[in-house]
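These are the residues of each chain, in order.
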Amino acid sequence: MSANEQQIKIRVRGLNKSFNGRNGELVALKDVDLDVYTNEFICIVGPSGCGKTTLLNILAGLEKPTSGVAEMDGSEIKGPSAERGVVFQQYALFPWKTVIQNVEFGLKLKGMDKERRRQEAMKYVEMVGLKDFADAYPKELSGGMKQRVAIARAYAVNPEVLLMDEPFGALDAQTRAQLQEDLLKTWDKEKKTCFFITHDVDEAVLLAQRVVIMGARPGRIREIINIDVPYPRNQETKLQEDYIAYRNLIWSKVYKEYLEVAK
Amino acid sequence: MEGKSKKISSSVILLASLAIGFVIWTIISLVPSIGSIIVGPAKVFEALISEYENGNLAKNISISLWRVFSGFSIGLITAIPVAFLMGWYTLVRQFVEPWIQFFRTIPPIALIPLVIVALGVGESAKTTVIFVASFLVMVVTIYQGVKGVDPVLINAARVLGASDRDIFFDVVVPASVPYILVGVRLGLGSALTTLVAAELTGASSGLGNMIMEASLYFRMDVVMLGIILIGVIGFILDKAVLYLEKRITSWQEMREQ
Ligand SMILES: Nc1ncnc2c1ncn2[C@@H]1O[C@H](COP(=O)(O)OP(=O)(O)OP(=O)(O)O)[C@@H](O)[C@H]1O
Ligand SMILES: [Mg+2]
Chain A
1 MSANEQQIKI RVRGLNKSFN GRNGELVALK DVDLDVYTNE FICIVGPSGC
51 GKTTLLNILA GLEKPTSGVA EMDGSEIKGP SAERGVVFQQ YALFPWKTVI
101 QNVEFGLKLK GMDKERRRQE AMKYVEMVGL KDFADAYPKE LSGGMKQRVA
151 IARAYAVNPE VLLMDEPFGA LDAQTRAQLQ EDLLKTWDKE KKTCFFITHD
201 VDEAVLLAQR VVIMGARPGR IREIINIDVP YPRNQETKLQ EDYIAYRNLI
251 WSKVYKEYLE VAK
Chain B
1 MEGKSKKISS SVILLASLAI GFVIWTIISL VPSIGSIIVG PAKVFEALIS
51 EYENGNLAKN ISISLWRVFS GFSIGLITAI PVAFLMGWYT LVRQFVEPWI
101 QFFRTIPPIA LIPLVIVALG VGESAKTTVI FVASFLVMVV TIYQGVKGVD
151 PVLINAARVL GASDRDIFFD VVVPASVPYI LVGVRLGLGS ALTTLVAAEL
201 TGASSGLGNM IMEASLYFRM DVVMLGIILI GVIGFILDKA VLYLEKRITS
251 WQEMREQ
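So the protein sequences, as listed, match chains A and B. Numbered per the working numbering, the first sequence finishes at 263, counting up by one with no gaps. Numbered per the working numbering, the second sequence finishes at 257, counting up by one with no gaps.
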């Protein structure tokens, strides 16, 4: 890795998060330490309920840790900020806004004037290939198209960090493959720090420079693995031996975590 | 193609239904012992013409509508901010909700004697009762909408840099519009029913009063006319709001009707 990539963008130290559930206290995250480097693509995998979303919410500033700190550029994350864009699993598009209005909303909040933000937003709508649907309402879009809009909306405000929570989880295999490639291309063009949660080990190895494996009960980080497969990557990368070796390695480790949970 | 043929057949069915209704009504009115109370369509139509010609009809309808709209408008103008405050500030909700729940269990008609004693039989008494009735229905419905705004959408706005104020105007308000329109529909309906009740008990004009007076003189044709007009007005108002709803909230996912 180059020196630039080793700059720490997000630093997490001694992070704990518990919820008061019906059966008393539930430890969602225990002693999590993590550094995310500037412009890095990092993927988080782990069994359901291991606290992936909780960690993302804390990084987004939507939730507060019980103890420990999460910092960005050396200052504590205290609340949401346009510096950290989020792509939610459930798309979370504003149904009363058209595609272009959804994408330009963040720019409007920044106080950009109407003309400019329309232009700027259009760039991102085109980037995700939805030019012809700019004036459509979300209800008229397929799941894959909605997720493209969500990605364009997050990109449009030009955040330094993109936090994505299983953004392709609900999509069919083909759409998913397409969006993975689009995302890789976009990341190649407009480098950003990407924190990407997925259930899918194939997806994690294809996208990430590093894969974080989490375990459940309590949620914690088990292992972080460097994926030394050169970029640019695309679906054909999946045929390469190095890719397959990483995938098998990580899959067996994740499988162990799944078994833990099943016990 | 299919949608079109469905439309045609549904309007055919509507016409058939109306025709059969008229036939049954006519048959019932021909039964000697009932016919003097439930008069037939022809007699009601005659009443319509004569009431229209002597000018009472237009006067009664416009007075009733005026009362409905004034009470309802005041109800809507107050229900919207109260509902939003309840949804936005827990303190306001805790303070206001028990009162609303309490008054909701009282049929507005039960308030009429009290209001008449306090405000007399004039316009302000009727407006007040209609206001209370429509306000209560609307505040509850709109509050449900404000409270039910998807937290994911609020978070989506927050991570784009939205302040509380932005979230209120750009997320909570538009997300509540469908509920406001449902509230308007329910509020208008309850305004109309309450109006008739208010006019039946104490008024010198309006459709309710027209029915009341006619029944004293056993003019059942006018009574029937009044009843049918109230139904027609209610139907038209309801359809008008539904039409608005379709236009304004076309962005909503289709719901099964
Ligand atoms: N608001 C909350 N209140 C109570 N418990 C919560 C809350 N949010 C999450 N939890 C609990 O914390 C644990 C971690 O949840 P989280 O959503 O972070 O898991 P996850 O790894 O994202 O799972 P999945 O892969 O299914 O999305 C779960 O046991 C969940 O029940
Ligand atoms: Mg999750």
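Everything labelled a hint here was simulated from the structure, so no lab data went into it. Remember, predicted model here, so these are calculated numbers, not experimental data. Please note that a few of the clues may not be correct.
Each computed DMTMM-like pair below joins lysine to aspartate or glutamate, with the alpha-carbon atoms no more than 25 Å apart [what the hints assert, rightly or not]:
(1) A:K108 x B:D164
(2) A:K64 x B:E97
(3) A:K110 x B:D166
Each hint tested on the structure:
A distance of roughly 15 Å separates the Cα atoms of A:K108 and B:D164; the hinted pair therefore holds under the 25 Å criterion. A distance of roughly 30 Å separates the Cα atoms of A:K64 and B:E97; the hinted pair therefore is violated under the 25 Å criterion. Taking the CA atoms of A:K110 and B:D166, the gap is about 11 Å. The hint holds against a cut of 25 Å.
Checked against the numbered hints above, the structure violates only hint 2.
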